[in-house]
Structure formats: structure tokens, C-alpha cells
Amino acid sequence: MSVAGLERRRQLVTAGLGTALTLVMGLVLIVGFRLATHMRAEVTALQAASTLQTYPEEISHQLNTLRDRLEVRAYSGKALADLQETVKHFDQELKALDATRDVDSPQLGRALLLWHEYGPVLDPVVTFSGQPYLDTDSGGSNLSREGREHYAQVKRAQLFAADNAHALQAQLSSLASTLQQSASQAATRLRGLLAAGVLAALVLAAAAGYFQFTRARHERAARDAQEQTRDILKTVREGFFLLDANYRIGSVWSEALARMFGRSDFAGLSFEELLKNLVTPATLATATKYIKLLWGDRAHENLMKSINPLGQLEITMDNGHGSKETRYLQFDFHRVMGPEGIKHVLCSVGDITSSVLLARELQDQQENANQQLDMMLGMLHVDPLQLVSFLDTAETGLKLVNAILKEPARSDAEFRKKLTGLFRELHSIKGEASALNLKSIASRVHALEDMVSECKKRPELTGSDFLPLVLKLDELLAHLRSVREMAARLTDMKDSPVTAPAAVPAVPAAPAARTPAAAEAPRPRAVEDMTPTLQAMADRLAADHAKRFRLSMHGLADVPGPYNATIKDCLIQMLRNSAVHGVESPQVRRDSAKDEAGAVRVEFRRTADGYELLFEDDGAGIAVESLKAAAVKKQLISEEEASLLDTRSTMALIFRPGFSTQDDVSMDAGRGVGMDVVARSVYALGGKIGVSTHPGKYTRFKIVLPAVDSASSAVA
Amino acid sequence: MKLNAAPVNGKRSYKLMIVDDSNIMRRRIERSQQFEELELVGTAGNGEEALDLFRRTDPDVVTMDLTMPRMDGIECIGRLVELKPAVRILVISALADKATAVEAMEKGANGFLNKPFTDRQLNEAIAELMR
Numbered sequence: 001m002s003v004a005g006l007e008r009r010r011q012l013v014t015a016g017l018g019t020a021l022t023l024v025m026g027l028v029l030i031v032g033f034r035l036a037t038h039m040r041a042e043v044t045a046l047q048a049a050s051t052l053q054t055y056p057e058e059i060s061h062q063l064n065t066l067r068d069r070l071e072v073r074a075y076s077g078k079a080l081a082d083l084q085e086t087v088k089h090f091d092q093e094l095k096a097l098d099a100t101r102d103v104d105s106p107q108l109g110r111a112l113l114l115w116h117e118y119g120p121v122l123d124p125v126v127t128f129s130g131q132p133y134l135d136t137d138s139g140g141s142n143l144s145r146e147g148r149e150h151y152a153q154v155k156r157a158q159l160f161a162a163d164n165a166h167a168l169q170a171q172l173s174s175l176a177s178t179l180q181q182s183a184s185q186a187a188t189r190l191r192g193l194l195a196a197g198v199l200a201a202l203v204l205a206a207a208a209g210y211f212q213f214t215r216a217r218h219e220r221a222a223r224d225a226q227e228q229t230r231d232i233l234k235t236v237r238e239g240f241f242l243l244d245a246n247y248r249i250g251s252v253w254s255e256a257l258a259r260m261f262g263r264s265d266f267a268g269l270s271f272e273e274l275l276k277n278l279v280t281p282a283t284l285a286t287a288t289k290y291i292k293l294l295w296g297d298r299a300h301e302n303l304m305k306s307i308n309p310l311g312q313l314e315i316t317m318d319n320g321h322g323s324k325e326t327r328y329l330q331f332d333f334h335r336v337m338g339p340e341g342i343k344h345v346l347c348s349v350g351d352i353t354s355s356v357l358l359a360r361e362l363q364d365q366q367e368n369a370n371q372q373l374d375m376m377l378g379m380l381h382v383d384p385l386q387l388v389s390f391l392d393t394a395e396t397g398l399k400l401v402n403a404i405l406k407e408p409a410r411s412d413a414e415f416r417k418k419l420t421g422l423f424r425e426l427h428s429i430k431g432e433a434s435a436l437n438l439k440s441i442a443s444r445v446h447a448l449e450d451m452v453s454e455c456k457k458r459p460e461l462t463g464s465d466f467l468p469l470v471l472k473l474d475e476l477l478a479h480l481r482s483v484r485e486m487a488a489r490l491t492d493m494k495d496s497p498v499t500a501p502a503a504v505p506a507v508p509a510a511p512a513a514r515t516p517a518a519a520e521a522p523r524p525r526a527v528e529d530m531t532p533t534l535q536a537m538a539d540r541l542a543a544d545h546a547k548r549f550r551l552s553m554h555g556l557a558d559v560p561g562p563y564n565a566t567i568k569d570c571l572i573q574m575l576r577n578s579a580v581h582g583v584e585s586p587q588v589r590r591d592s593a594k595d596e597a598g599a600v601r602v603e604f605r606r607t608a609d610g611y612e613l614l615f616e617d618d619g620a621g622i623a624v625e626s627l628k629a630a631a632v633k634k635q636l637i638s639e640e641e642a643s644l645l646d647t648r649s650t651m652a653l654i655f656r657p658g659f660s661t662q663d664d665v666s667m668d669a670g671r672g673v674g675m676d677v678v679a680r681s682v683y684a685l686g687g688k689i690g691v692s693t694h695p696g697k698y699t700r701f702k703i704v705l706p707a708v709d710s711a712s713s714a715v716a
Numbered sequence: 717m718k719l720n721a722a723p724v725n726g727k728r729s730y731k732l733m734i735v736d737d738s739n740i741m742r743r744r745i746e747r748s749q750q751f752e753e754l755e756l757v758g759t760a761g762n763g764e765e766a767l768d769l770f771r772r773t774d775p776d777v778v779t780m781d782l783t784m785p786r787m788d789g790i791e792c793i794g795r796l797v798e799l800k801p802a803v804r805i806l807v808i809s810a811l812a813d814k815a816t817a818v819e820a821m822e823k824g825a826n827g828f829l830n831k832p833f834t835d836r837q838l839n840e841a842i843a844e845l846m847r
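If you're matching them up, the sequences are chains A and B in order.
In terms of the working numbering, the first sequence opens at residue 1 and continues consecutively.
In terms of the working numbering, the second sequence opens at residue 717 and continues consecutively.
Watch out, some of these pointers could steer you wrong.
[Claimed, not checked] No farther apart than 25 Å at their CA atoms in a straight line, the calculated lysine to any residue pairs in the SDA-like style are these:
#  : chain 1 : residue 1 : chain 2 : residue 2
1  : A       : 305       : A       : 320
2  : A       : 292       : B       : 791
3  : A       : 343       : B       : 822
4  : A       : 439       : A       : 475
5  : A       : 289       : B       : 844
6  : B       : 814       : A       : 306
7  : B       : 814       : A       : 293
8  : A       : 305       : B       : 801
9  : A       : 439       : A       : 343
10 : B       : 831       : A       : 309
11 : A       : 289       : B       : 744
12 : A       : 305       : B       : 833
13 : A       : 276       : B       : 813
14 : A       : 343       : A       : 332
15 : B       : 800       : A       : 293
16 : A       : 305       : B       : 844
17 : B       : 814       : B       : 772
It should be emphasised that the hints constitute simulated quantities derived from the structure, not laboratory data.
Because the structure is a prediction, the values reported are computed rather than measured.
Could you build the full structure based on these sequences and the hints that come with them?
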């Protein structure tokens, strides 16, 4: 049986017992009262009977006195008066006793009968009022005629009294004893009744005590249960509350709710108000409809669970520190049934933020793993030597990026300078990654470049604008490390002697040396053949830009170690330039009576005092006027300056930072970073760069580098 | 609310209508359901057709697609329930968002099944619907 049922039964028993005992007590009291009344009458009668039984003897005695008086002719008035008084009292009291209904005994009847005979005999005596004596001088005092008659009446009364007074007294005495017996019995009955009453009172008290005790026990149990409920509600991690038929929250709810919603005024709050400022209006509308459906008779629990729109509710709320926080709550609803249908809807709310985030993280990791797999498959096509070389270069570049980020800067101009520097380095890394078809790296660097571009657009720059860049850079470095690890594994599989160098820390302790060549210096490795890289890049560029190339390379095997990276960077950049600006589309080339495939020629050779690199394409050449126009557009020079520039100075524009003739930003060109990177790295090695062009015919870059020893000294 | 249907051969029999704009899906539902007491009275490819068929055949159980040409499922549910409040409607839809399901339930649907579904899921949903 339920707790409520037990309680109800207990209450019924208490009430029944109380009523029964009250009835018993009432009955006892009524009967007792009647008994006492009866007893009182008996006692009065007894008293009367006791008094009455002395009268007959008294009457006899007074008759004697009266006769004696009359005989000696003494004064008889007093004796007669006494007799009169006694007879009158006796008659009155006997009649009064008879009038008492309670006393109905044969003795009284017989006494009355006797008195009825006695009375008429006494009557003439007590009614006498004449003069009994007649005084004469001769004879003294003699009885008068009336006196003699009176005397005779007294004697007759005396005679009657002698015969019957005793009997009358005996009857009255017997009546008295009967009455006494009866009174005594009544007293016994009353005592018994009172004892029963006391017993009943004791039972009542005991019952009351017992029920008080059990009630106290129940109350204690109820209090304990209440306290346990409170403890549960205080400790449980889920939010619990009941909704009534008006969709309002009940007065009992778990404290977790307060933590989740940052409020504590839940009692009486409607469900709609609870969610109002936390979710979108559309979600709120759906949630409200859903809650209403829960009260309908069509809503099976399973069905309702399956369409619960609040299974993973994203809410945004203040975190108490002035900023917004996104959390995920899971609402579950259970209908609480009463005898007349749905009584409440129990709502439980769990904070599933961590599991949602974990699930996302897992998904990210899964995607990451898939990407890694893709990358690994991609890397299988890349020569391990090339890959390692690229990773070294990229790392060096990123170290430089990191160093640029760490450079102290205060003014807006300084920040912008930093951005430009970052851009150049990233661009160069991206170029090489693209060349090797390492899409995962190229896309990441591209994203970082985008962020830098975004920064550049801001009207005013502060140090905090660079924080996201640092985070992104860390991510990129981590990615490079994983690529390197994978490369090492691949290399192991291919049983190559190449080993993976140690991973680079995200933030190096000291800024790396400025030039890739110098950065490479402490890490001796096998001389790389850059020909396949460039060939792969040319193929990719051709595919990406719908152009055709015929790349011929000579003498690249002779590139000395210290120049390797720079030469490669320069060639990648120039190749991209050719792909985007130089070599025309096959259609245009056909129209210009050129071979559909653009010829790109690369030559490296040792000269008397150093080295010379020649890069030439038979593309559209560089139109001086469009160069000027682009420079003016990019606000690198004013229109006036442009008009004053000669061809040579105009050509030099392409080595200026920020220059680009391309409006669209692509992976290969358009950001205005490119040839200036080439120029800078050449200058850094103590070399020179020059460009010559013939519109419609060719573009030729010539890079002159000093001998290796002097280059090192130039760097140092 | 109990389904009312005339007993056939001592067994209760319910009239079934299938509404879906895809012919393949209609046949799939028809073939996959394993309830002997369900007797197919017709299939419809859109809401208007369904309404017309409903008036003529007075089905007890309806499976309803939501995205259909000419009168979508949600509206159709409302109209069918107006015509026959005791009708049992199982929404079978590719729309997985809970708001749509709640909307359909509000209009009077009795069950919800997401496409794609297995035969077992379909039969469970119909069993739940007829309970």
C-alpha cells in the first residue's frame, strides 16, 4: 500500500476509535447521572422513612401524656398541641413519601393502609378544641362533658395505638431498610459504572497516546523523507522540475537548475519564460508546441521522445563575467499519471556541453585522420628528398613568421609592416606546398594568409589582432610536424636513408635567421634535385590555369647547397608568375601564331665570379603601361610619378612589395607578394636580379649570385 | 481513442491509405507492412489526391509524406483530421528536423517515421500507431 493509503487508514482508525470512546463515555455519564438522580431520590426517601419510623412511638407516647394530664386534671393544652404537631408532620411526610414515584414498595402501602385506619381514630383527638375541665368550688376541677368525651377518644386512640403503632413502625422500619438496600445497590452500580468510565477514559487515553506515537513516528518518517528529497534535489546533477497543466514550473526543483539557468525564480515560472531569452524564437515556438502536445492523449512516450526538439538545445547565456557562453542542454520529459489522467510532466535537464564538444572533437579528429590519410596518399607521389627539403624550408619560413609576430610593434604603421612581412613568407611557403601538391598544407597556409588579409583591412591595428594568427600558426606548425612524422614513416617504409629531423617548437626561443639559406646551414643533408618539384609544379599550374607549358631546365644539379633553397623559391615564384601573367592561354597563343605550349626555359650556370640563373618564358611579356596602371591602382606610386617613369624603372616596380597586376586572389598570384620576395632573397645572398621583356614575345629574369664563400660572408 | 472498424471474418479490419509523391516509396510501404488486418484502399501522390481519395474510401490508417506537390503533408493532415478525427496518421518523411515533427503532431498526426527506414522500423511504427 502506498504511504498516502496507510496514512488515510490510520486517520480513519483514529477517528473511529475516538468516536466510539466518546460515545461510551457519554453513555457512562448519562447512565451515571440517571443513577445518581435515582440514588438521590432513594436517599431522600430513606431519610424520610427513617424519620417516619419514630413517629408512631412518639404519637403513642404523646397520647399517654395527654391521658395522664386529663386524669390528673392538669393542663393538657401543651400535650395536645404536641400531638397535633406530630400527627400533622407524620401525615404530611408519609403522603410526601407516597408521592415520590420512585418509592413503590409493599411496606409503604401497608403503612398507608394502617395510617388510613389510625388517622380517623386520632382525628377527633387532635381536632378537639373545647374546654376539658369544669371548675367548681365544691368539687374542684372535674372533667366537663366535652372533657370526658375527649378523654374517651384519647383512650380509644391509645387502645388503637397499642394494637397498631408497633405494626406501623415495623412497616416503616422495613421500608427504611428496603430503601437502604436499594440505595446501597444503586451506589454499587454507580461505582461499577464509574469504574467502567474510568477504564474507558484510560483506554481512550492509551489509544490517543498510541496514535500520537505512531503519528509522531510517521511525521518523523515523512520529515526524513522530505529531507532526503531535499538532499537529492540539492545534489543531483540534472535539473528536475514538474510542469503543471498551465505549463508552469512547480515549487520543487533541483538546484542544478539554478546553475544551468543562472536564476532561482523557477516556482510558478512558465516554460516559455524559462527559455525565452536563451533560444531563437523559432525554437521557442516549437518547444512550446511540443510541451502542449505532451498533455494530449495522442502523445505516446516513445513517440514524444523521438520528436523531442529539446534533445540537444543550444543556449547562449551570460557566464557571469560579462561575456556570452554557449551551452548544450538536454531536456527529457516524462508524463506523471494520476487517477484522472496526466497530473504533471516531469522535466529533467542535463548539461551535455562536454559530451557535445567531445563528440565534435572526435568528429574533427576523424576528419583530421581522414585528411592525414589523404595527405599520406598524396605524399606517396612526392619524392621523400623533396618532401624533407620542403619541410625544412617551410619550417624555416614559419620560424621567420613567428619571429615577425614576436617583433615588438606599437604604431599602426609598424603593425602593417609586420603584416606585409608575414604575407611574403606565407606566400612563399604556400607556393612550394602547392608545387608539391601538398594540398593540406597549402590550404592551411592559404587560410592563414586570408587572416592576414583580413587584418590588413582593419582601420586600426593592435597587438590583439595578431593573437588569432599566432594560434593559427601553432596549428600549422603542428600540422607540419605530423607531416614530417608521416614522411619519416614513409621514408622508413621505403627504406630510405633520410630521417626525420626533430620537430620544431611552436614558438622558438630566438628568432630564426633571416634567410632560408642560413637556416638550412646547420642541417646538412643530401643535395636535392629540384627538377621534379618544378616539373610537378609546372604541371599543376598548367592544369589550374588551363595553360600548357614546356619546361626545360638545365644546370640545376650544379646549384650549390647554400643557394638551393633560394633558387628553388625564386624559380617557384617566377614559374607562378609565368603561369599567371606570362604564358598565354592556348587559344591566344594559337591566334598569335605561337606554339600552344608555352616554352619556359631555366638555366643555371657557373660564371667567372659566381653563378647566373636565367628564367625565360615566351609569353605575353610585360606591358609597361599596365604595370604603371596597376602600381597607381595599388597606390604604390602616384599618377604623376608614373608618367615620369622610364621603362627600366617601371620594370623595377615588380620587385616592390605589395605589387600585383592581378585583382583576384588565387593560390598562385594576386596578393602582391611574389617577385619582391624573390628580389629580397637574392639581395640577401648578395646577388642581383634583373628583368627584360618584349611585349608579345618573352619575359626574362636574370639572377646573378656571388660565389658561395662571398655569399656566406654577405649573409653573415 | 480506439480505432473503429468493422470485423471481417471475426477479425477487425482497418482501411489503409498511403500518401507519398514517390511511386517507389508507396510500393515500398505497401510491400513492407506486415499487418493482415490492414487493407489497402488506395494510394495518393499529393495532398489533394489524398483528400479526394479519403472522402471516397474513408480510411482508418494513413501514412503521410510531408514534402509533396500541391498541398503538402502538414496541411493535408489537418484536413484529414477535420474530416475524421479518429483517423490514425503516420508521418513518413525525410525531413528530420524536430520542428516539422512537432508541427505534424500538432496538426493531428499520431506517429513519425524518418526516411530512410527499415521494414522493422515501419512495422513498429504502424503497430504503435494502431495500439
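List of violated hint numbers, smallest to largest
The structure breaks hints 1, 9, 11 and 17; every other hint is satisfied.
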